[in-house]
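S.K.: Here is how the chains run, residue by residue.
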Amino acid sequence: MRAIPLSYVMRNLWVRRVTTVLTAGGMSLVVFVFATVLMMSEGIKETMVATGQPDNVIVLRKGSGTEINSAILRTQASSLEALPGIATDSEGHRLLARETVVLNNLPKRDSEDTANVTMRGTTQIGLGIRPQVKLVQGRMFRPGTSEIIVGQAVAKGFANISLGSTLMMAGREWTIVGIFDAERSGFDSEIWADSDTVTQAFRRSVYSDIIFKLNTIEAFPAVAKAIADDPQLQLDVKLERRFYADQSEGMTRFITLLGLSLSVIFSIGAIVGAMITMFAAVASRIGEIGTLRALGFRKEAVLLAFLGEALGLALVGGLVGLAGASAMQSVNISTLNMATFSELAFRFKLTWVVSIETMAFALLMGFLGGFVPAWRAGQLSIIECLRQA
Amino acid sequence: MFLFKLLLKNAFRHKLRTLLTMVGLIVAISAFGLLRTIVDAWYAGVEGTSSTRLITRSAISLGYPLPVYYADRIKKIDGVTGVTWLNWFGGVYIDNRNFFARMAVDANSYFPLFPEFQISKEEQAAFMADRQGVILGRKTAQRFGWKVGDTIPLSGTIYPGNWTFNIRGIYTVKDARFDETLMLLHWSLIDESVKKRLGSLAANQVGLFMVGIKDPSKASVISQEIDTLFRNSVAETRTETEKAFQLGVVSMSKAILMAIRAVSFVVILIIMAVMANTMTMTARERLAEYATLKALGFSPGFVVKLLFGESMLIALIGGVVGIGMTFPLAKGFLLQTNNVFKVFEISQETMAFQAVAALIVGLIAAMWPAWKMSRIDIVQGLRHVA
Amino acid sequence: MTDQAAAREPVIRIEHLSKTYTRGGQPIPVLMDINLNVDRAEFVSLMGPSGSGKSTLLNLIAGIDHPTSGRILINGVDIATLGESSLADWRAANVGFIFQFYNLMPVLTAYENVELPLLLTNLSRKQRKAHVEACLAMVGLTERMDHYPNELSGGQQQRVAIARALVTDPTLIVADEPTGDLDRATGEEVLKLMDELHRDLGKTIVMVTHDPKAASRASRMIHLEKGVLVDDPGPGAH
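Protein chains in written order, with the working numbering: chain Y, 202 to 590; chain D, 704 to 1089; chain X, 4 to 241.
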């Protein structure tokens, strides 16, 4: 079957520029929302996944779900330290850290609001087994002191954060001696201090979590079993990556649900717009349709030509919307993570998959809007078309 | 009247196009309403507050506990009518999707401070008599089909272990903005479990104090008095009105809320583009008619009125139906989010905004075509074969 | 059949052709029992008052309408029996159209408009170019080939349409009021052109017109009235 030339399709879009712009414009807005939501999901996922080494294990009290709710006794911590399968460094130190995690309500930089910031009391080893965390300014805090280091997102988002300044928390002053970059992981939104100092300052007698590095990742099942078999250790054992992924699940799901249902609703508006435009296009060119069919082009060719026009609109709308969404990549966003009740900073991440899904969505809208008018275009008899010209 | 009939007939000359435009309007207006309702719901906690209650929490952060003996000292402050406290229990009912708020309260002092809870005297007495008893909000009871006498098994998160609670009463509320989904259990029960597990030093801790005051205008003064009382102590406090507290919680999700607000305007822009397209096409088709009208002596203003009138009429009909459609849409959304919102009402303000949005869309959509049409050259227009 | 005999076979052979429309449940007969033959290289004009059925007859011959009963044999093929897709293919190969309002695609240049029918063939781009340029030269519009229809006068547009009608070297050319939208002088030019094509290229042309001057250009004038032939001089009458 011979097709009607592409130049015919494309030039018709150009000739009715105003309509094309308005229709494609409406579509681009929907595409923008759709792409941005997907990018938000990707950004959160990236943050969560990056927050975790494949061979680190995190241990919490059974059923607590988050570090904040968890409590591990000293005796339990000692039992864990004795487990086989934990990696050691060149000097024979076990790569295991006892951590205390608390929330601090701090004032934000650009507004009068405050937000909860996660404060993690950890050790040099705790820093070491998280190699994605690197100090970019200053130095590591000294053990036993009230020195702290802060993540990049905290430095950017909260007030009075700079090297040398102090924060008032739990009734004492903490001095910022370093700023770290955690490669866009959740740690960027945290403040780190000495584990013992935090435990004391916040009057804890228990730890929030124990984190350690495995000798080899294959050792995990054995370690998990050893802990499960010990009745004194009512603990949840998870690979660090899995733990953080689970934590973001609720938030990701909510954002994705909200965003996608909005996109679907909006797309109805855009599809309606495309339909109106295409019906008008068919109506105004009914004489041309008759002529083309008289010349010998089949009605399927007519269908394809008008469908092509609708897809052309969608393509333009899709590309513009995607370009707009892409600009969101430079925007920093942070919000409350319902699971941990603390602030989490992430970015809008544009991946190839998101781009493809976005364009597919745009083209789908064009197809849905253009199909009925395009099909109708081919249905009329040639005589009718020529008569109505 | 003639004008109105003319507008109506004109609008439906091209039935399909007008209907499609209306569908687009209906969808856009109802989506706009839904989004506003979502933002409102987020702030609902702020609205259902009382000006005669203050919240005292740890100055460190919300998760941090305060000693229970603070209550006696707060009570002694001038202007304070009563003090109660609560701890967030958390816990999981089967799995995370069945979320509803569960709080451990000091029953004796809690209910006097919260007259919003409507509960029968018998049920309240039954609750007081049973330490494992709970009072449940009507909405949650309906959601799970629970009645007085049923048991609720929970697996603890903050307070570990497997818990069983007995429903001793179901409360309702008069004001729709007040939370009707809560489960209240006895603070003494969980405090005892903490004592058993971690020793008496770890016990006697509360999450929040609620302080009743006689005179709302004294809120700020009394808040400062309370905080001064505990400055430089083991646990410093931060006291604010109930409203300010709720606002603080909401503001932590500010970014998302702002995004939702922005998006709600995007949808109006989308439909504006669609309607402008429709009106432009309509105007183009009727070029010859408008030229004829002008030739017959109708003023350019008349033509403009025709276009605007038609556009506004479509917008009006679409807007009204759109407002109506918001209700089932909101219901569906609420169900999808597993009732995470305690209050989900479409406010009058939202409906007013929807109406205004529809009218603005109708207005702006017709602007450019109306301007163009009022300026057409009669001769050109008559010659035009659409 | 010998070549000579074949040359004498009518290009168009219409037998007992009838066409009835149904409107509101009522049958409206438009053509009744038409019998007509047209020989190769004839220039025939169909005339008659409004409602006589002349346009319907033209549409049936052109294969853009189906008869209610009867046979239409064009070069031996009964097009009344062809299905829609086959009919489309048949038209592409056998019919050239000239319309009253030219019916050019406004978004295509003169060149591209003429090229359109060739896109339905297997010719390569180079081959198509040769044909298009030849036809445009024939109608004298070589310098205008890159112009769009809205940049051409009525007469020029019709000449482009004529070039388009020729470009596939079709069996027959149908023209529906070709001078209807043109002033006298321009109409004359167009008719002169059609005349030349008829004589020089031996094209078979069937034309509907109500303009007697245009009709006189034809070699044979057929009159219709109320759906029947009232005057047909027969082939070779001129």
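FYI, nobody ran anything at the bench for these hints, they're computed from the structure. Backbone N, C-alpha and C fix where the C-beta goes; we use that ideal spot for every residue, glycine too. Careful, some of the hints might be misleading.
Below, computed lysine-lysine pairings styled on DSSO-like, alpha-carbon distance capped at 27 Å [what the hints assert, rightly or not]:
| no. | chain 1 | residue 1 | chain 2 | residue 2 |
| --- | --- | --- | --- | --- |
| 1 | Y | Lys357 | D | Lys899 |
| 2 | D | Lys898 | Y | Lys263 |
| 3 | D | Lys946 | Y | Lys263 |
| 4 | Y | Lys309 | D | Lys946 |
| 5 | Y | Lys500 | Y | Lys357 |
| 6 | D | Lys1034 | D | Lys877 |
| 7 | D | Lys957 | Y | Lys550 |
| 8 | D | Lys877 | D | Lys842 |
| 9 | D | Lys957 | Y | Lys246 |
So the derived label-pair ranges between C-beta atoms look like this [to be verified]:
| no. | chain 1 | residue 1 | chain 2 | residue 2 | range |
| --- | --- | --- | --- | --- | --- |
| 10 | Y | Gly451 | D | Ala965 | 18 to 26 Å |
| 11 | D | Gly1027 | Y | Val250 | 38 to 46 Å |
| 12 | X | Asp36 | Y | Trp215 | 48 to 56 Å |
| 13 | Y | Arg295 | D | Asp798 | 29 to 37 Å |
Among chain X residues calculated to face chain Y with C-beta under 7 Å, some are [to be verified]:
| no. | residue |
| --- | --- |
| 14 | Asp68 |
| 15 | Ala83 |
| 16 | Gly86 |
| 17 | Ser88 |
| 18 | Arg94 |
| 19 | Phe100 |
| 20 | Met108 |
| 21 | Pro120 |
| 22 | Leu122 |
| 23 | Leu123 |
| 24 | Asn125 |
| 25 | Leu126 |
S.K.: Let me make sure I understand: some of the numbered hints might not hold for this structure. Which ones are they, in numerical order?
M.R.: Going through the list in order, the structure violates hints 1, 3, 5, 15, 16, 24 and 25 and respects the others.
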